[in-house]
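*Asks:* One-letter residues, chain by chain:
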Amino acid sequence: MRMSCNIRYYTAVICLLALAVLSSCKPHAKTSEVKTENFTVRDFNPSTNRDLSQVLSLDYEGALQSGFIIPTVRQTNDGFFDLEFSIKNTCGRPQKFAYKIYYQNESYKFSEADPIDSLRQGENASENFYGSWEDTISGFRETELIASDNSFHKVSSQFRIVGNPRNERRYFNGASNDRWERNPRVGEYSFMLVVTSPENLSKNLVPAYIQFINRTNNGEFVNPWYFFLYGQGKRLSNTMVSVSPQRLKVMASPDPGSGIYISPVHFKKEFVDKHATTCCGQDDKMFQKAAFAQFIHYIDASTKLKNIPVIKDVLGENYSKLDYNWNARFYRQEELIANTSLTATEPCQSVLSDAANHKITMFNPKAEFGKWQKQNVGVITRHPFTYGKWTVKCKLTELLNKNNMWNGLTNAIWLITQDQADWNFRRECKKGGYMANYYGGQQDARVKNVGYSEIDFEILKTVPYCPSWLLPPAYNNGLDRQYDVSSWNVPFPEEILADDNKITVACTNWDMACWDPVNFNSGCQTIDYQGQTFWAHRWDKNYRAITEKTPEPDDELFGSSCYYFQIDWKPTEIIWRIGPSKDKMRVVGYVNNTMTCIPNNAMLLIVTQEFHNTKWWVGSQYLQENIPFPGKNIVGEIYEVTIE
Amino acid sequence: MKSKGRSYRRLFIIFLVFLLVCGLAYRYFPFSKILRVKAGKALSQIEPAPTGSEPPNSIAFDFEVARGKEVPNGIVSGMAHSGQYAAKAFGKNSFTPALERLAGDLGTSKLGYISISAWIYVKPGGDPVSAVLVLAASNAVGVNICWKGTSLKDPGVPRGKWFKMNGQFDLRDVKFSKDTRVQMYFWNNSSTDIYVDDYYLVYGGPAPRKGDTTYVDLTKGPYTAKFNYPPFPVVCMRMEDIGGMGATSLATVTEGVQESVVPYYPMISGSFIPGNPGRDELFVMPAGGPPVIYAYCAESNEFIKSRLEMPVPMPYSKGRQYLLKGRFSGGDAEQLLFIGEKSCFLYRFSSKGGICSSKSVTGAELLWQNVKFDNQDFHPNRRLLAEDFDGDGISEILEYNETGAWKMFRFQLKGKTGDWNLIAESHELQAGWNGPSDAVTLTAGHFIPGRILAGILAISRDEKTRKCTYTLSYYNTPAKTFASFFSPKTRLFGKTIGIDTLKPDDHFFCGNFGINAAPMLLRYNRDWRFDLKEIRFSDSTYHILNNLDFEGYTADHNPKYYEVLKLIPGRFTGNQASFIVIGRNCRNKDFNGMDCEEYESLAELPDFISVYSFVRP
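Each protein sequence line maps, in turn, to chains D and U. Per our numbering, numbering through the first sequence is continuous, rising by one, with the last residue being 631. Per our numbering, numbering through the second sequence is continuous, rising by one, with the last residue being 1951.
No lab work stands behind these hints, which were simulated from the structure alone. All values reported here derive from a predicted model rather than from experimental measurement. Ideal placement from N, C-alpha and C gives every residue a C-beta, glycine not left out. Certain hints may be false.
[What the hints assert, rightly or not] Some, not all, of what chain U presents toward chain D, calculated at C-beta under 8 Å: (1) L1354; (2) S1449; (3) M1499; (4) N1500; (5) G1545; (6) T1547.
[As the list claims (entries may be wrong)] EDC-like, lysine to aspartate or glutamate: derived pairs with alpha carbons at most 20 Å apart: (7) D:K376 with D:D242; (8) D:K291 with U:D1551; (9) U:K1894 with D:E304; (10) U:K1544 with D:E304; (11) D:K389 with U:D1551.
If we strip away everything but chain D, and leave its shape as in the complex, we get (with noise of 0.2 Å):
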């Protein structure tokens, strides 16, 4: 009898125990008390109907006109975040009090406070993602009169977070507040709550521009968790800050299976409807529910390549180094098909958006005599974000067969602008100017904003272009002497074939040549990152892109059943990552705002199979002309896209 009680209150203690421990995991839900001359604030819980401990995931429906809205009806039971805290009225007297939440996006921000003078803003502060009420026009709330009673009153409200939480102009179309063109930020969210009393807000001494997050100060935002945890009102007398410990994490994922839309600029009237289906097609329902389009690429005219007229199935077939060899050789120039690589004419024929299994096929259609094709396949996300982890999980083709021969396709996972037009600017490139065009020579304008800007994953066999003295390798290019073998079957360099079986993960920020960053520089340096060193590399200083490569097994990459490919895309650095899991990413690439400017505007993502003139990759072992064309459809599934 004894011994049962023992082992019950035992029990109970291991019980109370592992409670007590695992309740200290959690941050606390409410804060506790801080006190002002006037008032003391504690229990401040920034969402009392939702546990923010619970990562949310974007709602889809509808954002792609009101932009990403957290929470929606779906999430929350009115889709707001009700906040609550308990206030104790000090001063005597019954009195009302103002209070303001703000939130702000953590895991992509600058430092609020300037790391040298932090009684400054910290540089592009106020760019971080930061809002408050939805409606700009009111500041601070006040509470109702509060009696001097020795105890706390609950005060309740509400918010949301939603897009362009400044109320911006630059992302109005007219009338419409286009909330999409700032969507929220992916990461995590911590919420501050301010409570004040009405006459720092009447005297000012909490500035217009701070009270109303949609004004300025001489013309520049100024980030209010700056003001408060920093500036001037960190010392303000009866205002409380408080930043509650819990922090709401949010992650996008667009369903591939949601559907393909056909934008309309892309393809003749007549064909739209040809291959439409429930998951692919034009019209309002799949405008509505579709997380991707269709990607339709710029062919640039410098693509035009005179290809041998041969079809094969690279991967299929054993098609080998000789059998390049000699194709490469032996075709007359009357005999080659001159063309770019193309685009798909009709929609909806070479991506399927499988809405039973969640994934996204797509295939490079194969080429027939008469119609000799090396076209391009792709699509792209429809919602943009500003910074982010994101991660593809995907089966692209292979791209090497069995005796390492390419089949001149290169896959890409890469990030594009989501426009150019002047919403979506870049941030000021203050020394010269960016290059004023994506497709510009070297005699291009210099000019302070673009709306370019691109992160790739391109993955394709290639060589790399560091350290400088390896490029290019001494190719022997033969002869076409039918009677000798060796003239015109020559084998690559050997350390061209040490790497037979790897494709080169090229890993490039496109700066559009900003020479702001202090290492700005051209040809090759290096960049250490974690304890490795990775070799970045720029033409010349007007090059509008930095490259990063690395070797990697094509098999491991493109033979696994799937593979994981990661660009974190943060406001100083990017860093590409790949893995078989999303617990065993590696990094592959590295750069950071001190050699390349990070773009700061609104992307998309964009997965491809694309055919590339390998003249714009200098060395290359194999030419994109004598790589015959696609005997077989080449396919490419996606089956996850998280932005986290």
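On the provided structure of chain D, position chain U as indicated by the hints.
*Replies:* Chain U only, in chain D's frame:
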């Protein structure tokens, strides 16, 4: 006196400054950029890399010292990327021995681009590396007219391991003369110690493709086929799966023993053996052995070698000889006419013991012979064709000469033997047939599907203009003349449309190669590459229908890649014609496609013999 002293002082100071400038110049001025670096005797004592199957337009140099020779200055042993020796460049302003060639030896026209590479080893140490892998060209007096290089500079230069350096240089603006010296060397301009090995220099940039116009430009509109202009559709012959064949032999003679069938052996396919209807056999005259016949046995799906019992042995010789086949004496089977330099024979064959028997023997009956060589018409120096020109089921021999005159002979069997009778001859010289043997070629065959008569396709090349023309004519039995096939009959020469001209060196294969034994006419050209096309004659020209290729071969050993590729047409495995294809590569790298003394089985393209035919996809 005072001023004199001042002058001396001034002179002394100038002299000191001069000395200082000289010293600094010696220390820091890169004279090597202006003056040729000495190649020295060093490289003359070093063995060049083995040649043979080396890629063209390249020099590989690995600093290996010939056995027994003194190790030259600048070369060290025991520290090499390959072999035993490497070059060293230790300390500031040090050079490795230069690899040097005269531009005239390399070919001045090939020096527009030069690529170089070398393997480098930097000894571990903290001193920063600054070095250049140099390509220089100097004139006869030793002054550089070009100095280019790939820099090796810290940060990032590996230490304590071999790594490669590359460089490619555009030298199109450099004026090379034959005596310009082209040099490659490594210049160490830092205090580090550096080893260098395995120089590789490639000259001659990518050769431009043949031709000058690309007809199909899909950026300008969809493809519309233009008659006889490339590209043409590709159809493939597939390798047949036949048992018993070895890498170079058609049949396993006895277990484990195989006899090669070599491209230069005289051989001909024909329906020689009665009782093997619808199929052809291959008659081969091996060097150093008696002739043999290979016949396909459907039961065992293999070729069977049949021993030939010949009453009079056929002498193998490398000289000119003819193997002609035809139904010269009528009957189901064809006879074989051998015309050598010293003897001529006409054989009729019969099978003893059955084709599929491992002890198969083929008997040869001699119908005619001429060992005295009194028949001047049947001589290897003559030009002979065998076909049934008049459509009576009996084959004739057509002899023609460079004037365009011709004679037609028919074999007359009297009892067990017989003789050749002249049955027709030209009264007028046949236009289009005249010309030297290397400029005019006649081929007899069934060029027009459905025509019983065999026609003669004559292709001639004008010696001056190099322009080729062709005629296709058929024998008019009553008139005993050859008349043009083309319409109107007054049109002697066929039209050439497109860029694929019929040439005297072309080979033509007529037969039922098509699926379901449909007749096809194939043209085989090897002027520049393997080029086999299906063509069809119309009443005024020929139409190119398809390009032919192979499939189903082992690994990537496409027959068309072989330096020597013999195609022997015949209905070997059934009524549908196929090719026995023999592929070899020549050991002699100056092989010109004519005669190869010795073959070489390459790892990437090993010797083979196979049968290819068209099959439904």
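*Asks:* With reference to the structure, classify each hint as holding or not holding.
*Replies:* We went through each hint and held it up to the structure:
1. L1354: 35 Å, violated
2. S1449: 4 Å, holds
3. M1499: Nearest chain D Cβ about 5 Å off; hint holds.
4. N1500: 5 Å, holds
5. G1545: Nearest chain D Cβ about 3 Å off; hint holds.
6. T1547: Check passed: Cβ of T1547 (chain U) comes within 6 Å of chain D, closer than 8 Å.
7. D:K376 with D:D242: Given that 20 Å is the threshold and the Cα spacing comes to 16 Å, the pair holds.
8. D:K291 with U:D1551: Holds. K291 (chain D) to D1551 (chain U) sits at ~9 Å (cutoff 20 Å).
9. U:K1894 with D:E304: Holds: K1894 (chain U) and E304 (chain D) sit about 17 Å apart, inside 20 Å.
10. U:K1544 with D:E304: 28 Å, violated
11. D:K389 with U:D1551: 32 Å, violated
Violated hints, in rising order: 1, 10, 11; the structure is consistent with all others.
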